[in-house]
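Engineer: This is what each chain is made of:
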Amino acid sequence: ILNVEQSPQSLHVQEGDSTNFTCSFPSSNFYALHWYRWETAKSPEALFVMTLNGDEKKKGRISATLNTKEGYSYLYIKGSQPEDSATYLCALGGGSNYKLTFGKGTLLTVNP
Amino acid sequence: DGGITQSPKYLFRKEGQNVTLSCEQNLNHDAMYWYRQDPGQGLRLIYYSQIVNDFQKGDIAEGYSVSREKKESFPLTVTSAQKNPTAFYLCASGSVWETSDEQYFGPGTRLTVT
Chain A
3 ILNVEQSPQS LHVQEGDSTN FTCSFPSSNF YALHWYRWET AKSPEALFVM TLNGDEKKKG
63 RISATLNTKE GYSYLYIKGS QPEDSATYLC ALGGGSNYKL TFGKGTLLTV NP
Chain B
-3 DGGITQSPKY LFRKEGQNVT LSCEQNLNHD AMYWYRQDPG QGLRLIYYSQ IVNDFQKGDI
57 AEGYSVSREK KESFPLTVTS AQKNPTAFYL CASGSVWETS DEQYFGPGTR LTVT
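First to last, the protein sequences are chains A and B.
According to our numbering, the first sequence is numbered sequentially starting from 3.
According to our numbering, the second sequence is numbered sequentially starting from -3.
What the hints contain is simulated information worked out from the structure, not anything from laboratory work.
Accuracy of the hints is not assured; some may be wrong.
Unchecked claim - Lysine-lysine pairs mimicking BS3-like chemistry, simulated, CA-CA at most 25 Å apart: (1) B/K79 with A/K106; (2) A/K71 with A/K44; (3) B/K10 with A/K106; (4) A/K60 with A/K44; (5) B/K79 with B/K53; (6) B/K5 with A/K106; (7) A/K106 with A/K44; (8) A/K59 with A/K44; (9) B/K66 with A/K106; (10) B/K66 with B/K10; (11) A/K59 with A/K80; (12) A/K61 with A/K80.
Unchecked claim - Simulated restraints on C-beta separations: (13) B/G36 with A/E72: 22 to 32 Å; (14) A/K60 with B/E58: 37 to 47 Å; (15) A/S12 with B/R106: 16 to 26 Å; (16) B/L23 with A/T53: 36 to 46 Å; (17) A/E58 with B/E11: 23 to 33 Å; (18) A/E72 with B/S63: 39 to 49 Å.
Don't be surprised by glycine CBs; every beta carbon is placed ideally from N, CA and C.
Could you put the whole structure together from the sequences, leaning on the hints where they help?
Structural biologist: What follows is the structure in structure tokens.
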């Protein structure tokens, strides 16, 4: 079983703060790294899928970077808003069997 | 609308009874997945299927069974052999064409066994 670690486990920030979280994974046999946002009472939704070392992806105020050689990805949120409050999951894509191995997530709470 | 449906949203069962959770998708995806979530844990893969009439065990398959008779449907049975069945269950589907393809999730079923 692959080990995907996310930190911090939880985070409280004030509206307008920028924040970031980390996803660490084994750097060998890398295929893809996924980020999902999971809001309370909703289904997890895909944010980004990254496959190449050095990849940077952006969606509005949220962006992500990938370093496959050292085995980490950062998710950044600029100017956090209360609607950004959610659990952010990262998952490692597993080659030909299309399995995802998830981390435990980072729970973000943005206070107004 | 395209999507994944899971029913029911909440399910209550007595210990010792088998229970089947429904998952249906109309996204024309070949692959379907079942995950379990427990407090403080990440999503853990129970079973997955990449094609009709075929499925593989995930990381925590003991006490569960599945079938994949139709592309659209991937029901999960929680048997009495599952020692800790109370959990939140998520179904997902995805393409098998690219390993970078995202998975699409249903709304989940919360199962409580007493």
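Engineer: If a hint holds in the structure, say so; if it does not, say that too.
Structural biologist: Here's how the hints hold up against the structure:
1. Between B/K79 and A/K106 the CA atoms are separated by roughly 22 Å; this keeps the pair inside 25 Å, and the hint holds.
2. A hinted pair counts as satisfied when its Cα atoms are at most 25 Å apart, and A/K71 with A/K44 does not qualify at roughly 34 Å.
3. Of the pairs offered as hints, the one joining B/K10 and A/K106 is violated, with about 29 Å between alpha carbons and a cut-off of 25 Å exceeded.
4. This hinted pair checks out: A/K60 and A/K44 have alpha carbons roughly 22 Å apart, not beyond 25 Å.
5. Among the hinted pairs, B/K79 with B/K53 is consistent with the structure: their alpha-carbon atoms are about 17 Å apart, no more than 25 Å.
6. Taking the CA atoms of B/K5 and A/K106, the gap is near 23 Å; set against the 25 Å cutoff, the hint holds.
7. Of the supplied pair hints, the one linking A/K106 and A/K44 holds, its CA atoms being roughly 17 Å apart against a limit of 25 Å.
8. With a CA separation close to 23 Å, the supplied pair A/K59 and A/K44 stays within the 25 Å bound.
9. For the given pair, B/K66 sits about 32 Å from A/K106 by alpha-carbon distance, which is inconsistent with the 25 Å threshold.
10. Distance check on the hinted pair: B/K66 and B/K10 sit about 29 Å apart at the alpha-carbon level, beyond 25 Å; violated.
11. With a C-alpha separation of about 14 Å, the suggested pairing of A/K59 with A/K80 holds against the 25 Å cut-off.
12. With a C-alpha separation of about 11 Å, the suggested pair A/K61 and A/K80 falls inside the 25 Å cut-off, and the hint holds.
13. Remark: the range hint 22 to 32 Å for B/G36 to A/E72 is upheld by a beta-carbon distance near 27 Å.
14. For the pair A/K60 and B/E58, the supplied restraint of 37 to 47 Å holds, since their beta-carbon distance comes to about 42 Å.
15. Here the CB-CB span from A/S12 to B/R106 is close to 21 Å, well matched to the stated 16 to 26 Å.
16. Taking the beta carbon of each, B/L23 and A/T53 are about 22 Å apart, not inside 36 to 46 Å as hinted.
17. The hinted window of 23 to 33 Å between A/E58 and B/E11 is violated, with their beta carbons roughly 50 Å apart.
18. In this structure the supplied range 39 to 49 Å holds for A/E72 paired with B/S63, their Cβ-Cβ distance being about 42 Å.
Checked against the numbered hints above, the structure violates hints 2, 3, 9, 10, 16 and 17; every other hint is satisfied.
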